[in-house]
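Enquirer: As given, the protein sequences belong to chains A and B, one line each in that order. Sequential numbering from 1 applies to the first sequence in the UniProt record's numbering. Sequential numbering from 1 applies to the second sequence in the UniProt record's numbering.
If you're looking for bench data, these hints aren't it; they were derived computationally from the structure. Worth double-checking, as some hints may not be accurate.
One copy or two, either will do: identical chains are not told apart, so a pair holds if it fits within one copy or between any two.
[Claimed, not checked] Each computed SDA-like pair below joins lysine to any residue, with the alpha-carbon atoms no more than 25 Å apart:
1. Lys173 x Leu194
2. Lys234 x Asp83
3. Lys131 x Ser225
4. Lys108 x Met1
5. Lys234 x Glu209
6. Lys108 x His233
7. Lys154 x Ser213
8. Lys234 x Gly43
9. Lys234 x Leu94
10. Lys131 x Leu81
11. Lys131 x Ala65
12. Lys208 x Gln29
13. Lys234 x Ser186
14. Lys173 x Glu147
15. Lys234 x Ala56
16. Lys234 x Pro82
17. Lys108 x Leu236
18. Lys108 x Val62
19. Lys234 x Cys104
20. Lys108 x Phe177
21. Lys182 x Glu147
22. Lys234 x Met57
23. Lys182 x Phe148
24. Lys210 x Asp187
25. Lys234 x Ile93
26. Lys182 x Leu165
27. Lys234 x Ser102
Here the structure is a predicted model, which is why all the values come from computation and not from measurement.
What follows is the residue order along each chain.
There are 2 protein chains.
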Amino acid sequence: MRPKLVLFGDSITEGSFMEGGWGAALANQFSRTADVVLRGYSGYNTRWARLVVERAMDGVCVGGASPKAVTVFFGANDACLPDRGGASQHVPILEYQDNLRSICSFLKEQWPTTIIILITPPPIDEDGRLKNPYGNDNSGLPERTNEFAGAYAKACIALAKESDLPVIDIWSKMQSFPGWEKSFLSDGLHFTALGNRILFEEVVLKLKEKGISLETIPIDLPLFSDIDTNDPHKSLGK
Amino acid sequence: MRPKLVLFGDSITEGSFMEGGWGAALANQFSRTADVVLRGYSGYNTRWARLVVERAMDGVCVGGASPKAVTVFFGANDACLPDRGGASQHVPILEYQDNLRSICSFLKEQWPTTIIILITPPPIDEDGRLKNPYGNDNSGLPERTNEFAGAYAKACIALAKESDLPVIDIWSKMQSFPGWEKSFLSDGLHFTALGNRILFEEVVLKLKEKGISLETIPIDLPLFSDIDTNDPHKSLGK
């Protein structure tokens, strides 16, 4: 049975199989070795994710099996400012951290051997957000700021440290490239194909650090080049 | 537990999560409702697929569950000419048909309620194949021809009729568009993003004809817009 890689998150996860998406790229990377399972819930914050994690994971693995890894990628919605157009999605930072803790504890309890990878919220391009007005706010101010998202990113990293979990700091990673605002973010928040590529590479790297790679997961059936075409039963017989 | 859509085939299936791929587009289409499971085996013909189908499907569904649908998309390799560079992959047409019959019987027996969708081999752009020499053949002739692939497509359609299975005639469909050779095929055989789009649309249409669509598969958790954000327990409580 093929191992599973589960992607749990908000719209940046739900949309990860769009053209150029990081989820699709992962599925392509592991096309012969692992199943990528999509559990993305657009608009969700950690308060809601915490309420549904058990049902979201229901049936992902059965018969006592565990996924190889689960990415937990929330916070972009929690980090909506409490007094702007995204207020209904806002979650205070300490609650965000506690919700993440609860989600990871649930996963750890259910699947003790599974690698849980936290991903921080992405950086915010406020100019991009202003061009994509959100909610019913006519203040002319963005509903998210990069600074506020950064505080949630730090809280996510602190929780990862506390819980001894691997974390991808996509907030910092993206900002280490000049021009990140437009090259990685399509609307100041969601990812362009290039932004998706950055996250894909970070996830592949983190999985590899944790022992999950094309080198370590056995292929389920022989490559064409390894089949004895004169005697396929020899290569492919049970 | 989310329903599953399984993609079983050769390289055009294995590569279906590359950028613009038809598998990724399906996973995106059903991102909140169904899991797309990739079982693509580059280079495989039906002779080898028949030998491995049981193992390829092992663990895809457990505990008595069945996939909603399985696409069976082979023949591009069977239809290599027997005396050219792809000879080791060639399978005679009657054996191709018999292998397909065996694969579908296995699936039907294991999962009587699953919709099995046959897909014919794609058309061949011989000029494209000549520009991508294959195997150890220096004849200057392509290892596949469109006419030969068409015979396999007809055999596939005949089997679908005999077995009362839905079939996507991608060989004919693509050729109904002018300029199909270059716009749908990147190397005379594999699909461009536009070619992937055509197949994606055909699969969505065929699934819909068989009662599988966004309208008929229930969403597992509420959309953000349906959550009472003042009382999330009401919308999201168990």
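Enquirer: Hint by hint, say whether it matches the structure.
Expert: The hints, checked one at a time:
no.	hint	verdict
1	Lys173 x Leu194	within (13 Å within a copy, 33 Å between copies)
2	Lys234 x Asp83	between (68 Å within a copy, 24 Å between copies)
3	Lys131 x Ser225	between (51 Å within a copy, 22 Å between copies)
4	Lys108 x Met1	both (21 Å within a copy, 20 Å between copies)
5	Lys234 x Glu209	neither (36 Å within a copy, 41 Å between copies)
6	Lys108 x His233	between (42 Å within a copy, 24 Å between copies)
7	Lys154 x Ser213	neither (28 Å within a copy, 41 Å between copies)
8	Lys234 x Gly43	between (52 Å within a copy, 17 Å between copies)
9	Lys234 x Leu94	between (59 Å within a copy, 23 Å between copies)
10	Lys131 x Leu81	within (17 Å within a copy, 56 Å between copies)
11	Lys131 x Ala65	neither (46 Å within a copy, 47 Å between copies)
12	Lys208 x Gln29	within (12 Å within a copy, 29 Å between copies)
13	Lys234 x Ser186	neither (51 Å within a copy, 34 Å between copies)
14	Lys173 x Glu147	within (15 Å within a copy, 52 Å between copies)
15	Lys234 x Ala56	between (42 Å within a copy, 17 Å between copies)
16	Lys234 x Pro82	between (65 Å within a copy, 22 Å between copies)
17	Lys108 x Leu236	between (37 Å within a copy, 22 Å between copies)
18	Lys108 x Val62	both (16 Å within a copy, 23 Å between copies)
19	Lys234 x Cys104	between (45 Å within a copy, 23 Å between copies)
20	Lys108 x Phe177	neither (34 Å within a copy, 52 Å between copies)
21	Lys182 x Glu147	within (17 Å within a copy, 48 Å between copies)
22	Lys234 x Met57	between (39 Å within a copy, 20 Å between copies)
23	Lys182 x Phe148	within (19 Å within a copy, 49 Å between copies)
24	Lys210 x Asp187	neither (33 Å within a copy, 37 Å between copies)
25	Lys234 x Ile93	between (59 Å within a copy, 23 Å between copies)
26	Lys182 x Leu165	neither (31 Å within a copy, 48 Å between copies)
27	Lys234 x Ser102	between (50 Å within a copy, 20 Å between copies)
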